[in-house]
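Q: Each chain, letter by letter, is given below.
There are 4 protein chains.
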Amino acid sequence: MILTQKENTMIAQTPPMGWNSWDCFGAAVNEKQVRENADYIAKHMKEYGWEYIVVDIQWYQPKADSHEYEPFSDVVMDKYGRLLPAPNRFPSSEGNKGFKPLAKYVHSLGLKFGIHIMRGMPRMAAHNNLKIKDSKFTARQVADPNSICFWNPDMYGLKCTSCEQGARDYYNSIFKLYAEWGVDFVKVDDIAREYPRCEKEIEIIHDAVSACGRDIVLSLSPGPAPLERAEHLKKNANMWRITDDFWDKWELLLNMFERAEKWCTHSGPGHWPDADMLPVGALRQDYNKDDRTRFTEDEQMTMMSLWCMMRSPLIAGGHMPKNDEFTLKLLTNKEILDIEKVTYSAHQLHRTSDEIAWIAPAKDGSAVYIALFNISDKKKKITFSLDEAEIVAKDAVELWSKKKVKASDGGVSLQVNAHGAAVLKFCR
Amino acid sequence: MILTQKENTMIAQTPPMGWNSWDCFGAAVNEKQVRENADYIAKHMKEYGWEYIVVDIQWYQPKADSHEYEPFSDVVMDKYGRLLPAPNRFPSSEGNKGFKPLAKYVHSLGLKFGIHIMRGMPRMAAHNNLKIKDSKFTARQVADPNSICFWNPDMYGLKCTSCEQGARDYYNSIFKLYAEWGVDFVKVDDIAREYPRCEKEIEIIHDAVSACGRDIVLSLSPGPAPLERAEHLKKNANMWRITDDFWDKWELLLNMFERAEKWCTHSGPGHWPDADMLPVGALRQDYNKDDRTRFTEDEQMTMMSLWCMMRSPLIAGGHMPKNDEFTLKLLTNKEILDIEKVTYSAHQLHRTSDEIAWIAPAKDGSAVYIALFNISDKKKKITFSLDEAEIVAKDAVELWSKKKVKASDGGVSLQVNAHGAAVLKFCR
Amino acid sequence: MILTQKENTMIAQTPPMGWNSWDCFGAAVNEKQVRENADYIAKHMKEYGWEYIVVDIQWYQPKADSHEYEPFSDVVMDKYGRLLPAPNRFPSSEGNKGFKPLAKYVHSLGLKFGIHIMRGMPRMAAHNNLKIKDSKFTARQVADPNSICFWNPDMYGLKCTSCEQGARDYYNSIFKLYAEWGVDFVKVDDIAREYPRCEKEIEIIHDAVSACGRDIVLSLSPGPAPLERAEHLKKNANMWRITDDFWDKWELLLNMFERAEKWCTHSGPGHWPDADMLPVGALRQDYNKDDRTRFTEDEQMTMMSLWCMMRSPLIAGGHMPKNDEFTLKLLTNKEILDIEKVTYSAHQLHRTSDEIAWIAPAKDGSAVYIALFNISDKKKKITFSLDEAEIVAKDAVELWSKKKVKASDGGVSLQVNAHGAAVLKFCR
Amino acid sequence: MILTQKENTMIAQTPPMGWNSWDCFGAAVNEKQVRENADYIAKHMKEYGWEYIVVDIQWYQPKADSHEYEPFSDVVMDKYGRLLPAPNRFPSSEGNKGFKPLAKYVHSLGLKFGIHIMRGMPRMAAHNNLKIKDSKFTARQVADPNSICFWNPDMYGLKCTSCEQGARDYYNSIFKLYAEWGVDFVKVDDIAREYPRCEKEIEIIHDAVSACGRDIVLSLSPGPAPLERAEHLKKNANMWRITDDFWDKWELLLNMFERAEKWCTHSGPGHWPDADMLPVGALRQDYNKDDRTRFTEDEQMTMMSLWCMMRSPLIAGGHMPKNDEFTLKLLTNKEILDIEKVTYSAHQLHRTSDEIAWIAPAKDGSAVYIALFNISDKKKKITFSLDEAEIVAKDAVELWSKKKVKASDGGVSLQVNAHGAAVLKFCR
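Chains as they are written, first to last, in the working numbering: chain G, 1 to 428; chain R, 1 to 428; chain L, 1 to 428; chain P, 1 to 428.
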């Protein structure tokens, strides 16, 4: 039946917005840093829609201190093989309280709380043969010794086919725990590009989320997820990565246009192709406190324009309290952020070696948005034909500069900086 | 510059509509048959937008009598290696008048005239070493002995790189002739899927069309054209095939949904991905006078609905004077045909094993079209969520039955026949 | 320098011959069974060249009871992560004596002793962070959490590049132990087909063998090893598998002809492409005491003929004490076995859909061997041209029947059974 | 039946030796040049086994003047579409005498005569619709308009499947003509690497050769022929190319070792993998009369050594009358040339980054040949172990220097020049 793709249609009706700890703190993030970002966002960004505060990878590893993973490290878990926050890094979790206290704090700010997990169970749970909660199976029976992640050494995947019930029991046991903690968002890693190997595992996780008793946004990582499995992803997840990790390099940003072009028709309520975190402001703080994004300001506006036009989730990656004025403005341009909520059916209009144009109609018919990107290395004049976009209206506002733009018969002409963007809103 | 994709933006501002002789007469079509179809279309279909009357392949071959090609047959051409209609099949061309008289007749009905050509020049022009008109090159110098078509034996491709000026001279010589004849539409064959081999040849043909002094719609065949070369196609042609030949088989129709999904964002004024002719009514008349389309009526409505939603050109393939009442109605449903003209940014909403949904917003914001396809083999109820499509309006008209449909909170529910379609128009 | 391929040229100057426990007992073999086979071989087969008695996989696993592997089972190892025989299965190893007593017994029979190992170290050695003997590295530092075997769950591969010295230390530590035990043959598994991933690991193992202070034949498994790395294999190992596991099925035997054809030119002193164990006599005794080879007698003679012509190592796989008269005769046909020692430069002469012919000249010029295989499903007469093989001599003996065969001008004609073989020895 | 691979076993019992016009004269060779080479060979080389005088491509093209092909040129043929020598280039053919007079002259010198043909029939034979001799089919019916050669524009392939009898008739008609002319060798081009497309065409040509009434060596070109079709080639041809065109570049010579390694076991009476012509002496005379081989003398000895060890046909490519003393000696080293006739079962022994060794036993058991190649760019000492090659004899002669070499226990040590070779003959 076409009606309901997901049991839970209350969440992610528009693309999720929030913050994630990876770009600034890697695997080493601690509770103090999370709280500082939550505080900042509640004060400066919440009103623009930013809400999810997400703790990324290895919060269960006491010794994590960078973006690298230490093999065979000891991890914190309960007697059922369920990972727990390392109390030395997340003091409020002391006494097996898990993330409940931190989630409560984030909620108290009017925000939502999220965590990252790897698919599978800790390798040590299998080697030590722990019991699975509320299950007749043991960890040894459910873990698959051949299913490992090639870039992180912590987990074994589960025997989702040969011991399906055991796999369901384990995933139910952890999502129930997350629901008890008050988690609103779970980013599951080592899974989105692992088709067809992890197809069944995705379905089991989706079912565990649906059954856990709490609204939880399900985010799959890393990409590239396979385009040809778009319908499976739409049915089973709220967002999924369309690239490998995205960082502050122009080549990666330029490359995102192609991915956005292919995925744009799959964006919609409850299911959002995800172009990954926004590497803005203070980054890689675990290595160097002075490190900031290497994107130019124009490139950052290009990134925000493209993410909004394609309706990607927006997850800021920088250490927010260190935002400068530009970064905060970039993230709080209301008219630009509105595109995520008021448009639909966006797509690329065309592309030359120098320029790319996107179109996004407003759902209520009141406006059409046109984004013009200068992908060349020089400032240049871009002329845009209204006929090409089949736009009736004549006048527009450019949303970064907030200036009016007048169209002649030949269309609209604008100077756009190298690697920069202009976003035109044509109102009827 | 983004402004103008093609020098000639007056043509093909909406998807071309017309008739083509291939599906009903193969390579054997004659002047009488063309005139009969033109007469019928002028009388019954012109007011709905049908206008191009196109003579398909091998009009220069005196002995063509079916959909098959005879190797090494003698062809009619002038002393410059330019093919001419075979006078035994096109009597009005007698005396080297070419298609001028027939074009004139078609124009007199208020319609437009088109022809099919193979890329390249006749093999015999090269072997007999003819001169090229207004050129210092001879046929032997310009023909490429290694560039042949694997399914038709008539032509050699041209040395578009190693003797570019000669190739330009030859293509200019034939398009000038077509302009003199009054040709409005040229379908160039053996070229659209031949990337990268024929990339340069496509550009040279585009230039020859632009320089010929007459508005000519340039259509490229056969498909599948490569999706990754969409921008090159948009720049150089008005329409291009996205499949190999399409015929009246459900498997081919079902398969078109995937192609339409990928290509839909590339439809726009002057450039239209082409899902091929509509095999409706009386087909394959060269083999059997009683042969008619094997599509069910529901399948034909599915085809028309998809072609219109994706804004494909519409080129009827049947022998029109033999249309029955259903076929004529199918081709003259004004509200369905309007979708081609009033919408933009259409795309597939989603797909299950049973159902497919498409959305197309009206350019002026006044309406949203939703097409619901039952791709299962049984009649079934399809329920559609307005939330999923982000539609504000509540009430719709189904455009094939012309019945009103009311949406509840759960959306819209409709019975749709096996392989059938419903097209809903939600007005604000 | 071409002179020496391996430091140790005393061993494997002709293809190794012996017995292995896998085909008859799988992972479940015990000490009693090994001794019974050694006793039998010493008494009945030693004089024909059979000498290596090899204990195959998982001798360290107390619960192994079949050809299957139990994931996450506990294994017997010392405090340096070196595996030890499970005393419940190998009682003489009690008190950490390892295989020393069993090797001593085998040596007392005039035979040699071998074991099987998986590449890498036990997963539990890494998770429990054991020390590596005579090394500054720990198991956690040397084990590679991403390097696993997809069909056996016991081990992690080693960081042969990123922690090369640690990997060398571990391999040196185990081969020193094996030398102390008196091991003469080590079959290393999960490695021969794992190019390029395991190329460095093969070199390190080769070095550990060379440095261990004892002559040990190094055998690599499983296949297919890549033909294009033949020179690397010849330099680093004494034998390596050219197929995946070989069993008693005609399809597998037929398929070996192709592999033999490709690999034959790589056979020579110290380096032998290995067509795998001979599944003859009583097999799969862990499942069914009555199970015997499914090969027909003709097929077994075909197998022996091919293995000898291509000079593959000969490792019997059945439970030898249960040999019937045919099996023992098959394995002790002196003239056939001689081919391994007196010939060189063998190769396939040609192949039709029915027949295959191989040739092998004697090193001393005194004879030429021709093997004729009937690969059809019917008995048939095979005629063989001496001209084709460039043989000067006229008369031959067929070595299975021990009958004289006379050549006419047309060559030699013989009746050969379906799936059977004839081996002709032409003497000057 | 294994006995006879080819009906005609009298020919090519050892690898064919001779001369071909391509390397020195390209498509432009004329009768005078052919006669000069035949005269020279009769006088200086015949006694060493050189016998076939082969006229290469486009002898039917009056205007051929280099190694390039002119598209759509007029060709000389009879009324049955059979090509004839262009009388302006081959005066003795005047009056439709074909190559009969030239063949007669070559025969009078005690040599044999050969020609090159392209597979298929002249394109003009099809376009002009000629009759096929002794056939009910016409050229138009038999030519395949889709089967062309991508590097030569003269011919169409034949419809070997859809009009098999017609194809047989045409090939029979030309081979009968060649038999009448007295042709002893036909090199068929555009065919050896065209599997599976030309598999049937090869069989039909083989049958036409067998039925023509004269012993004709059938040589297939160009390579690389596919190794996996070795048995088909052995059954249907006397020699076939294992590379694309071979020229005087070290990279191509070095690359031949790999090909030789793979193909060596397929050499035998009547069927010879062919490493292509020997580009020695005066080459490319159609471009520059002073052009000579770019191979060093050492490289030429390496080439001769490898060709002889692998038993490739030997076809000299230079303009023989311009041979200098070195070239003539190179081509007339009797002991080296003997290897082709007295050995069998040759193969590569091994290869390092610097050195390659080959072995070839004498058929009569009296000797073993070892070739040592220095493939490094520096002169170096090569030490060779007799144990490795399983050689009993101790003393050898080096066949290029004709010096005795004594083996010690460590084997044989020799200085070999960069890119050079030593060939040792060990006698019993």
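Simulated from the structure, these hints should not be mistaken for lab results.
Some clues are possibly wrong.
For chains that are exact copies, the list does not tell them apart, and a pair is met inside one copy or across any two.
Below 25 Å or equal to it, Euclidean Cα-Cα: the simulated SDA-like pairs (lysine to any residue) are [as the list claims (entries may be wrong)]: (1) LYS176 with PRO321; (2) LYS46 with PHE137; (3) LYS79 with THR383; (4) LYS200 with ARG351; (5) LYS341 with ALA357; (6) LYS43 with GLU355; (7) LYS235 with THR383; (8) LYS235 with LYS379; (9) LYS363 with GLU231; (10) LYS131 with GLU68; (11) LYS289 with GLU231; (12) LYS131 with SER73; (13) LYS79 with ASP286; (14) LYS363 with LYS404; (15) LYS363 with LEU386; (16) LYS378 with LEU414; (17) LYS394 with GLU228; (18) LYS404 with ASP291; (19) LYS131 with TRP400; (20) LYS176 with GLY110; (21) LYS406 with GLN13; (22) LYS381 with PRO269; (23) LYS341 with GLY410.
Q: Could you run down the list of hints and mark each one as holding or not?
A: Comparing the hints with the structure gives:
In this homomeric assembly, LYS176 and PRO321 never come within 25 Å of each other (Cα to Cα): the closest approach is 33 Å inside a single copy and 59 Å across copies. For a Cα distance limit of 25 Å, the shortest separation of LYS46 from PHE137 qualifies neither inside one copy, at 44 Å, nor across copies, at 51 Å. For the homomeric pair LYS79 and THR383, neither the shortest alpha-carbon distance inside one copy (65 Å) nor that between copies (46 Å) is at most 25 Å. In this assembly of identical chains, LYS200 and ARG351 lie within 25 Å of each other by CA distance solely across copies; the values are 19 Å between and 38 Å within a copy.
Proximity of LYS341 to ALA357 under the C-alpha cut-off of 25 Å is found in both arrangements, the shortest distances being 20 Å within a copy and 22 Å between copies. Neither within a single protomer nor between protomers do LYS43 and GLU355 lie at most 25 Å apart by alpha-carbon distance, with minima of 38 Å and 46 Å respectively. Taking the shortest Cα distances, LYS235 and THR383 sit within 25 Å of each other only across copies (16 Å), while inside one copy they are farther apart (40 Å). For the homomeric pair LYS235 and LYS379, the shortest alpha-carbon distance between copies (24 Å) is at most 25 Å, but the shortest distance inside one copy (43 Å) is not.
For the homomeric pair LYS363 and GLU231, the shortest alpha-carbon distance inside one copy (23 Å) is at most 25 Å, but the shortest distance between copies (27 Å) is not. For the homomeric pair LYS131 and GLU68, the shortest alpha-carbon distance between copies (24 Å) is at most 25 Å, but the shortest distance inside one copy (30 Å) is not. In the homo-oligomer, the alpha carbons of LYS289 and GLU231 never lie at most 25 Å apart, since the shortest distance is 42 Å inside one protomer and 44 Å across protomers. In this assembly of identical chains, LYS131 and SER73 lie within 25 Å of each other by CA distance both inside one copy and across copies; the values are 21 Å within and 16 Å between.
In this homomeric assembly, LYS79 and ASP286 never come within 25 Å of each other (Cα to Cα): the closest approach is 31 Å inside a single copy and 37 Å across copies. Taking identical chains as interchangeable, the C-alpha atoms of LYS363 and LYS404 lie at most 25 Å apart whether they share a chain (22 Å) or sit on different chains (22 Å). For the identical chains of this complex, LYS363 and LEU386 are neighbours both inside a copy (19 Å) and across copies (12 Å), given an alpha-carbon limit of 25 Å. Within a single copy, LYS378 and LEU414 get their C-alpha atoms as close as 14 Å, which meets the 25 Å cut-off; across copies the closest is 54 Å, which misses it.
Neither within a single protomer nor between protomers do LYS394 and GLU228 lie at most 25 Å apart by alpha-carbon distance, with minima of 38 Å and 32 Å respectively. For the identical chains of this complex, LYS404 and ASP291 are neighbours neither inside a copy (37 Å) nor across copies (61 Å), given an alpha-carbon limit of 25 Å. In this assembly of identical chains, the alpha carbons of LYS131 and TRP400 never lie at most 25 Å apart, being 56 Å within a copy and 60 Å across copies at closest. For a Cα distance limit of 25 Å, the shortest separation of LYS176 from GLY110 inside one copy, 23 Å, qualifies, whereas the shortest one across copies, 65 Å, does not.
In this homomeric assembly, LYS406 and GLN13 come within 25 Å of each other (Cα to Cα) only across copies, at 23 Å, whereas the closest approach inside a single copy is 34 Å. Taking identical chains as interchangeable, the C-alpha atoms of LYS381 and PRO269 lie at most 25 Å apart only when they sit on different chains, with a minimum of 23 Å there against 36 Å within one chain. Taking CA atoms no more than 25 Å apart as the test, LYS341 paired with GLY410 passes between copies only; the shortest distance there is 22 Å, against 31 Å inside one copy.
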